[in-house]
Amino acid sequence: MAPASVQEFADMASEAFDLADKYRNPVMILADGMLGQMMEPVEFKEPLSDAEIEAKGKQHDSWCICPNEDGEGKHHHEINSLEIDPLVLEKHVNDLYKKYDVITQNEIRYEEFNVSDDNEILCVAWGTASRIVKSAINELKKDGKSVGLIRPINVWPYPYEAVAKAIGPKVKKVYVFELNKGQMLDDVKIAVNGKVPVDFWGKVGGIVFTPAEIQAKLEACFKE
Amino acid sequence: MEKIAYRPESLTKTPFTYCPGCLHGVAHRLVAEAIEEQGLTNKMTGVAPVGCSVFAYKFFNFDMAQAAHGRAPAVATGIKRARPDMHVFTYQGDGDLAAIGTAEIVHAANRGEQMSVFFVNNAIYGMTGGQMAPTTLPEMKTTTSPYGRKTDDIGFPIRVSELLATLVAPYYIERVSLLTPADILKAKKAVSKAIQYNKEGRGFTFVELISTCPTNWGIDPIKSRDWAKENMLPFFKVGCLRDKGVE
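As given, the protein sequences belong to chains A and B, one line each in that order. Quick note on our numbering: the first sequence kicks off at 1 and runs consecutively. Quick note on our numbering: the second sequence kicks off at 1 and runs consecutively.
Looking at chain A on its own, in the form it has when it is part of the complex:
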């Protein structure tokens, strides 16, 4: 999960626990240095009631660690990921991949910003970078230049289809902006699948690009 605001960051923290509990899968929140250090107003969701928490806990009684009883009802649940028998391990790995498929079906999340058939450039950016790109897009709009943005909210499962669909008839380039050396770039290339060129600009070391810098990069594309 890749938050782009402190509010989203706070919401994702509790959501991440619920998703981890639902799918029995680790959930990671990809914050960045900027989000980690800045202050924004946040509204916290209402906490769950005790009854709701208890119900959530009970959904895993068939396999989780819980008190035992004598006789017929006696169980021996094992929580581990170690399978020595290759046939058992093969089934275990295949089961895990079935679960990943379900997560991929259910949990793709992204935001479309200014995406339309008029777009001449499509940007893809997540986290803090996406906010800066939005500012640049708004500035370019004033000059009548149409740029769209796909912001993955979850970077896994990745919104490949959304990126592919957002490449409108006039789009001549997909531009990826990240505050790293291009960790998401390959995903975008997979989504674009050679349809149009993909460009990338990233900054590292905690240096953040300005909206004007992004605007200049995009304006240069219009001149190409």
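None of these hints come from the bench; they were simulated from the model. Hints should not be assumed to be uniformly reliable.
Claimed, not checked - Label-pair ranges, simulated between beta-carbon atoms: (1) B/GLY78 with A/ASN180: 50 to 60 Å; (2) A/GLU161 with B/PRO146: 54 to 64 Å; (3) B/PRO20 with A/GLU161: 51 to 61 Å; (4) B/PRO20 with A/TRP156: 43 to 53 Å; (5) A/TRP156 with B/THR143: 35 to 45 Å; (6) A/SER49 with B/GLU200: 27 to 37 Å; (7) A/TRP156 with B/LYS189: 51 to 61 Å; (8) A/GLY206 with B/PRO234: 50 to 60 Å; (9) A/SER81 with B/PRO181: 35 to 45 Å; (10) A/SER49 with B/ARG202: 45 to 55 Å; (11) B/ARG202 with A/PHE200: 58 to 68 Å; (12) A/LYS99 with B/PRO146: 37 to 47 Å.
Stated by the list, open to error - Chain A is nowhere near these chain B residues, computed Cβ spacing over 10 Å in every case: (13) THR12; (14) GLU36; (15) MET64; (16) GLN66; (17) ARG83; (18) THR166; (19) LYS199; (20) LYS229.
Remember, it's a predicted structure, so these values are computed and weren't measured experimentally. Even for Gly, the Cβ is constructed at its ideal location relative to N, Cα and C.
Model the placement of chain B on the given structure of chain A, informed by the hints.
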């Protein structure tokens, strides 16, 4: 006819996977008997380590978890806090607890977590092939200290029980030996006490059990007990280091 020898109910029928002469089987039995005697079989859960005793989750006849190397006290913390109605213990070797798990054991003890820890110390890594552990004795030969552990380079063995006994929170810490039948009877008392305190919710209890590794020491089972008596016990002295129940 009175049944005087039987397999405790709190052990499954799965045969142990240990080498001939290994004392893990004895330690398992002591823990299982103590749990049964305290009537905790149905409310107990354990966390198995990585290492020779990783399959402890198959041997104890109640729900078990298996943690990543050294992380058993962290997993046990989570279980106890999520299921306060249950009792939890960890069973760990010295490669697991005293090396990669140093942070977890120190902080679980320091927080006074409601758990029992059974720490089986045989001064060597077993399953991975007899490598030097933090508990390996000075000049002791292992596959990664073929000329003997040099204390100038590697430092001295860590006495985990003494280390934990410097903390305020732990309720009970005792080191026992499994090297003779008499020692095993004394060890049983310590294990039972830890489980009893666990049942009563007194806090963090820790029993270190001095054991052998005939396979990786390259000494036969009987002689390895003599070797441990002569070499391990002078450094890892048996005795109670903390018992708030009698203080």
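Exercise. Of the numbered hints stated previously, which ones are contradicted by the structure, given in increasing order?
Worked result: 1, 10, 13, 15, 16 and 17
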